[in-house]
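Trainee: Below, each chain spelled out in residue letters.
2 protein chains.
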Amino acid sequence: MAKIHNIEGIEFGSASSNTRYGNRDDSLVVTINQEAKLSGKFTSNKLKAAPVTEAIQNLSALEKGPKVLLINAGNANAANGQKGINDVKKYCKEIASDLNIEQKNVIPFSTGVIGEALPVDSYLNAFRSALTKLKNDGWKKAASAILTTDTKPKIISKEVKVGKKSYSITGFAKGSGMIRPDFATLLSFVFVDAKLSQNLLNKIHNQALKVSFEAITVDGDTSPNDSSVLVTNGNKEKVVKAGSLDERKLTQAIIETFKELAELLVADAEGATKLIKVKVSKAKNQIQAKSVAFTVAESPLVKTAMYGSDANWGRILSAVGRDKTIDDLNGLQIKLNGLPLVKKGYKDPKYSEKVASKAMKKREISIEVVLGSGKHEFQVMTSDFSEDYILINSDYRS
Amino acid sequence: MAKIHNIEGIEFGSASSNTRYGNRDDSLVVTINQEAKLSGKFTSNKLKAAPVTEAIQNLSALEKGPKVLLINAGNANAANGQKGINDVKKYCKEIASDLNIEQKNVIPFSTGVIGEALPVDSYLNAFRSALTKLKNDGWKKAASAILTTDTKPKIISKEVKVGKKSYSITGFAKGSGMIRPDFATLLSFVFVDAKLSQNLLNKIHNQALKVSFEAITVDGDTSPNDSSVLVTNGNKEKVVKAGSLDERKLTQAIIETFKELAELLVADAEGATKLIKVKVSKAKNQIQAKSVAFTVAESPLVKTAMYGSDANWGRILSAVGRDKTIDDLNGLQIKLNGLPLVKKGYKDPKYSEKVASKAMKKREISIEVVLGSGKHEFQVMTSDFSEDYILINSDYRS
Chain E
72 MAKIHNIEGI EFGSASSNTR YGNRDDSLVV TINQEAKLSG KFTSNKLKAA
122 PVTEAIQNLS ALEKGPKVLL INAGNANAAN GQKGINDVKK YCKEIASDLN
172 IEQKNVIPFS TGVIGEALPV DSYLNAFRSA LTKLKNDGWK KAASAILTTD
222 TKPKIISKEV KVGKKSYSIT GFAKGSGMIR PDFATLLSFV FVDAKLSQNL
272 LNKIHNQALK VSFEAITVDG DTSPNDSSVL VTNGNKEKVV KAGSLDERKL
322 TQAIIETFKE LAELLVADAE GATKLIKVKV SKAKNQIQAK SVAFTVAESP
372 LVKTAMYGSD ANWGRILSAV GRDKTIDDLN GLQIKLNGLP LVKKGYKDPK
422 YSEKVASKAM KKREISIEVV LGSGKHEFQV MTSDFSEDYI LINSDYRS
Chain D
72 MAKIHNIEGI EFGSASSNTR YGNRDDSLVV TINQEAKLSG KFTSNKLKAA
122 PVTEAIQNLS ALEKGPKVLL INAGNANAAN GQKGINDVKK YCKEIASDLN
172 IEQKNVIPFS TGVIGEALPV DSYLNAFRSA LTKLKNDGWK KAASAILTTD
222 TKPKIISKEV KVGKKSYSIT GFAKGSGMIR PDFATLLSFV FVDAKLSQNL
272 LNKIHNQALK VSFEAITVDG DTSPNDSSVL VTNGNKEKVV KAGSLDERKL
322 TQAIIETFKE LAELLVADAE GATKLIKVKV SKAKNQIQAK SVAFTVAESP
372 LVKTAMYGSD ANWGRILSAV GRDKTIDDLN GLQIKLNGLP LVKKGYKDPK
422 YSEKVASKAM KKREISIEVV LGSGKHEFQV MTSDFSEDYI LINSDYRS
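Chains as they are written, first to last, in this note's numbering: chain E, 72 to 469; chain D, 72 to 469.
Simulated from the structure, these hints should not be mistaken for lab results.
Errors might be hidden in some of the hints.
[Stated by the list, open to error] Ranges of calculated distance between the beta carbons of each label pair, as one might list FRET restraints:
id : chain 1 : residue 1 : chain 2 : residue 2 : range
1  : E       : T344      : D       : R434      : 25 to 35 Å
2  : D       : K161      : E       : T344      : 39 to 49 Å
3  : E       : Q128      : D       : G445      : 25 to 35 Å
4  : E       : S437      : D       : Q357      : 32 to 42 Å
5  : E       : G445      : D       : S115      : 14 to 24 Å
6  : E       : G443      : D       : S437      : 44 to 54 Å
7  : E       : G443      : D       : S131      : 23 to 33 Å
8  : D       : Q174      : E       : N356      : 35 to 45 Å
9  : D       : I75       : E       : G402      : 44 to 54 Å
From a predicted model like this one, the values you see are computed outputs, not experimental measurements.
A virtual CB, placed ideally from N, CA and C, is assigned to each residue, including glycine.
Turn these sequences into a full structure, and let the hints guide you.
Mentor: Okay, structure coming up:
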């Protein structure tokens, strides 16, 4: 693991609620300095968990002063009706009162089982205990405390130098299915040592999401709890102006951080044995590029073929053919790890079963779909469908 | 098995090509009397197999005289480029010449592996051999000859009485994934002992497809070879006029035949252990009803929960919530085999884990999603995702 850069003004503490995961830390508090700016983006699912509703409200009306993120794993507090809202308000209010800050500055996040009442006092106790252990360099413990059935913590840290200035970026995320209503959700928190305007922060956040968490799929599902937060600490020595070289370089590094976190999620997806990148190019427009990439990436037949290490070009070709945005297959080329599979809608004469079989043995698979109808492109990352995927997801909830 | 009604004018013969399936019959010839009318509907996949292209052309330009259907299993003749077209034209021409009928009256269908050259002489020999064994009552052998990895033949037969007249309907189909590019495709052939206009025939065919083969999904994929044919033999004693009671009753019986064939396909889907009916009602329009039904039916998390006999209402609720046509969940109710799961977007107070667990033990599961925003409804049938599904589909092609 490369060096993890601490971010001035950001501190972490974690503790255990002693509920679903025994005495494992499952409750994380992140304190954020008062000069910081936050950008939050949340699930598109119409079923929004109580903490998501609360976080959206609070972020839209932040007051001056320090901010706090409260993250619990083990219970999603989703589909719990008014009780869920009351519960989340309760622990946010208590923590705000403890810290003597505005309640609106307390932002909650949850991941875990859907539809079970939150053991609110247990988590409140854990948050209080976590507040006694705040540290500026607690990244690994923080990234571990928010996990559900992920098999490892996911942290990415970068430093980008522009002239004499250097900007640090460190983030962590969790999630091993796009949705795991039992142990649900994608959560991501990225912190940047720099001062940016709120507009610029939001813009960069949107840009980064489009090519990272909005470009991965494990099972096509979307959780009621998905949340991504990008925080800048407002360091006055590291002011980034819109249109500057600093902005361009920092944006690029933030985007890379998001993409690498997304890749860590897919690599640790439920039952995954392969990391698959589906890159669609020469599409007539962005909609087509994205649509075809997701159609291929979400095809159970492509995903099971990948698991079987079968360079089954017929399934990939057929998935492209059924995509609603496709007019014809005349200009179509498909490659796998650089090897030609399909040309003009049928088997490429250069295709070699033997060579393709060998290429499929790799853990990382790149499927290139060249549509030949324009100049737009989009890449989706996904995992394969294994027997373990079925076992994990057919396991009874309790 | 109920009585199978023979259809005057329709005869079957089958034989083996001695290719993929050894000496199992894999080649079927259906001869159709000259008074008959045919309606054919084909895959929406832009990748159309050579026999599909040829069948569409021929059906649009049928000549007077008898017609012949040629169906082979084991090779889909898809993605084979110009050679595929040449091959299918070759055996159609030879059979037309043998029978001294118009080549346009020979309609080809294929199911099997994609992208392998058709062993055209082997299948031509088999078709010729099949022609020597024509019988009017050979339904079971016919339904068996077109199978690929289906585990059993699928035949539905009905008789509908209107006044003194009785109309017979008998059909068979194959298909155990919506697409199985290795052993691909849904094929369906239904024959009716009646005389209908071509317009009425097409109308009934469309109506029947909407609620049968267009309302099932195993894996969300669509084959390049999917074909459905509805044939009336033109029996002059059984004339059906548009707008008559006979039309209404016969249409109903044909629709039922299609629905029951579709149900047989889903029940025999790859690795299926459950037959799941997802019924969406009180939708604001037909598009919403269909969209929500397919979103739930194709959710891998719902399908794996069903396999695990887990009444996981959180996953169903979450799938509904992420459907793009959904505005809010305020009026939402979800039931499973009649038991209340969700009310107004969260757990129904009447929900009982114990009762739900018991209900889930059944092989047939009905999921009712009541949206409460209108009066439209749609039902999709699907199967669960089991370890066998993964094993079957991750098996290497050759």
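Trainee: Hints first: check each against the structure and report whether it holds.
Mentor: These are the hints, each one checked on the structure:
| no. | hint | result |
| --- | --- | --- |
| 1 | E/T344 to D/R434: 25 to 35 Å | holds, 31 Å |
| 2 | D/K161 to E/T344: 39 to 49 Å | holds, 43 Å |
| 3 | E/Q128 to D/G445: 25 to 35 Å | holds, 30 Å |
| 4 | E/S437 to D/Q357: 32 to 42 Å | holds, 40 Å |
| 5 | E/G445 to D/S115: 14 to 24 Å | holds, 22 Å |
| 6 | E/G443 to D/S437: 44 to 54 Å | holds, 45 Å |
| 7 | E/G443 to D/S131: 23 to 33 Å | holds, 29 Å |
| 8 | D/Q174 to E/N356: 35 to 45 Å | holds, 42 Å |
| 9 | D/I75 to E/G402: 44 to 54 Å | holds, 48 Å |
In the structure shown, no violation is registered for any of the earlier numbered hints.
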